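*Asks:* Read off the chains here:
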Amino acid sequence: MSEFLEFGAEHLPYILEGLPITLGLWALAMAIGALFGLLLAWARLYGNKLIYGAATAYVEIFRGTPMLVQMLFIYLGLPEIGIVFDPFTAAVIAIGLNTSAYQAEYFRGAIRSIPRGQLQAARAMGMSQFQGLRWIILPQALRRVIPQWSNEAILELKYTSIAYAIGVSELTARAEKIGYETFMFFEVFMLLALIYIVLTGTVAQILQFLEKRTAIPGL
Amino acid sequence: MIVEILITQMPYLLHGVWVALQLLVCLLALGFVLGLSLAILEVYGHWTLRWFGVLFERIFRGIPAIVLLLLFYYGVADFVDISAFTAAVLALGLRSAAYQSQIFRGSILSISQGQMLAARAMGMSKPMAIREIILPQALRLSIGPWTNEFSSEMKATSLAYVIGVVELTRQARYIISSTQGNILAVFAVVAALYFIFNWLGNWGLYRLERKLAVPGFEQGGQG
Amino acid sequence: MLLQVENIHKRYGTAEVLKGVSLNVVAGQSKVIMGPSGTGKSTLLRCINHLTPPDQGRVLVEGVEITSANLNKMREKLAFVFQDFNLFTHLRAVDNVAVGPRKIRGMNKVAARDLAMRELERVGMVERAEAYPAELSGGQQQRVSIARALAMEPKVILFDEPTSALDPELTGEVVAVMKQLASDGMTMLVVSHEIGFARQAADEIIFMDGGHILEQGPPEQLFASPQHERTRQFLSRIGEGGAGA
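Chains as they are written, first to last, in my numbering: chain A, 1 to 219; chain B, 220 to 442; chain C, 443 to 687.
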């Protein structure tokens, strides 16, 4: 045990230098996912046949295939047609596009769960369809979606580790490097597991706190 | 040219699918047995078991799949010889158990108390009541959420690539390095194979759900 | 004495729901327990087959005391009919009735099914034997649940307000089945406010109030001349006895 603590104390700083990269990947990907997810949800709810079809195909494809394959496609495949990304950008795009497909479904479900009367009331007081969606439906839907969205955010935080497969120097890559330097793989990956448990636990707490802060009675 | 390569390489890709399927079946089976046991112990067992179950779930849901794979392969290999495939089954199977136990526990808890009460009132022991009355209902209710878990683990098999299990994604890498190029085409085909795999699984589970459906079940029991 | 209930006490937190209740039921008798809501009638019934373990007191069936060791064996002799039926949702009517004989009494599949069909016949539910609970009306569900109780060939059936979850127009079919059982000589202990059943089928009415048995006696006597003011009040409120009769 004390050996493990010593090992941890020695190598923790190096591994934790990857934390900003992990968090950066996560935050950027979640932001892309939220924006693009909202757009997709809108397309599937209010778009014409073509837009609906395209958005549906996108969601089905990204939810039906592994994120690792998507990431390798973007990082290794796209250069074939002249689109080159550095590993970090490729990872952000891959995780962001992947999570947008899931977030789209959560947003769509939440928007649909708002009673029709809300939009009718907005229209009755003279709002346009868009204004009604923007100022009445969306704020309610976003509050409702928070629990699912938090779940998704924590899943994606764990999935950022997949970026290690294309050489992003985040937590996992750094831990593996220590592993090859010391050949103490068990210790280093135990340490890494602990880091992720603390990280996901902390983020979950913060999201839960925010969820309580934004709660509205009856919603 | 690309088509020719894809056709000659198809047997390798299909073998990759076969390995992924084996991995998926093994990890889901481990997750099912362990997850269902955990769920039953958490609902009906002593509080220490409940506590153990919560801890198990917290740990295995808190660690990324990749880290578990690395831990069970490189980490465990420090002590015992373990094949990459076995390590993948253990790492992903234990993680799946944590997710599956949550599914089963939710289903068990959603069954009305009256069902257990009626079973006990007619003289069934608790284990018999769980086996004959609670589980047949809870498992039916679980098929829907379990389909999501199937889908998520199907995709997770691709992560076994990082510890060198020669499943579909790793086969794709081999083909790309041996034929030097065709990356987009190979990954597109690989993605299509995963998509079909996933679609078939979801379709089969949906059929199963329909086949086992009992009127009035959607409401989650009586009383 | 078929069923002996001795000095049952039960408290929830600070509230003492049963304050020492004793009663006996002879084979072939049917007794109806009445009283205002919240007086512990249902709790008493649940204490009798230990669905709710009593804090104190004993229950004996054919002279054998129920203990934690013989609990399941004893419950086979004490069938229970619930207010909200609690039919097993995933089983067809006939399987709801057959599951006990098959799994608990170890009958083979064919014999259990035959028995189940006979019991369904007794409650007039043969035609719906293959229906799932969700496809049956409340009254039909309750009749199946009575058949399920009968299939265990119990010594006593405990009825916990068997008609109170039913729409008024559906209570008749259940009461008719219960009357038939009583006249067939089934031993029954019934918590219910069904006056029709109490008058025509009960050998004795037990009036409970505040966790006690206040008085008991044959229905004609208890309805015509109740001894206690509380009984009188209760009977006049449910439109029976006292000045109303």
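Hints are computed from structural coordinates only; laboratory data are not their basis.
All figures in this text were calculated on a predicted structure; none of them were measured in a lab.
From the three backbone atoms N, C-alpha and C, an ideal C-beta is built for every residue, glycine too.
The reader is advised that the hints may include incorrect statements.
Claimed, not checked - To spell it out: a stretch of chain C is covered by chain B in this simulated footprint if at least three of its residues, at any positions, have a beta carbon under 8 Å from a beta carbon of chain B; those stretches are:
#1 451-462
#2 503-517
#3 526-535
#4 608-620
Stated by the list, open to error - Below, a list of computed lysine-lysine pairs in the DSSO-like style, where the Cα atoms sit at most 27 Å apart:
#5 C/Lys545 - C/Lys515
#6 C/Lys551 - B/Lys345
#7 B/Lys345 - C/Lys519
#8 C/Lys515 - B/Lys430
#9 B/Lys345 - C/Lys621
#10 C/Lys519 - B/Lys430
#11 C/Lys461 - B/Lys430
#12 A/Lys212 - A/Lys177
#13 B/Lys430 - C/Lys597
#14 C/Lys461 - C/Lys551
#15 C/Lys461 - C/Lys545
Unchecked claim - Only part of the chain A face toward chain B is listed, based on derived beta-carbon distances under 8 Å:
#16 Phe7
#17 Gly8
#18 Tyr58
#19 Ile61
#20 Phe73
#21 Gly179
#22 Leu192
#23 Val203
*Asks:* Which hint numbers doesn't this structure obey?
*Replies:* Checked against the structure, the hints that fail are numbers 1, 4, 8, 9, 10, 11, 12, 13, 14, 15, 16, 17, 18, 23, while the rest are satisfied.
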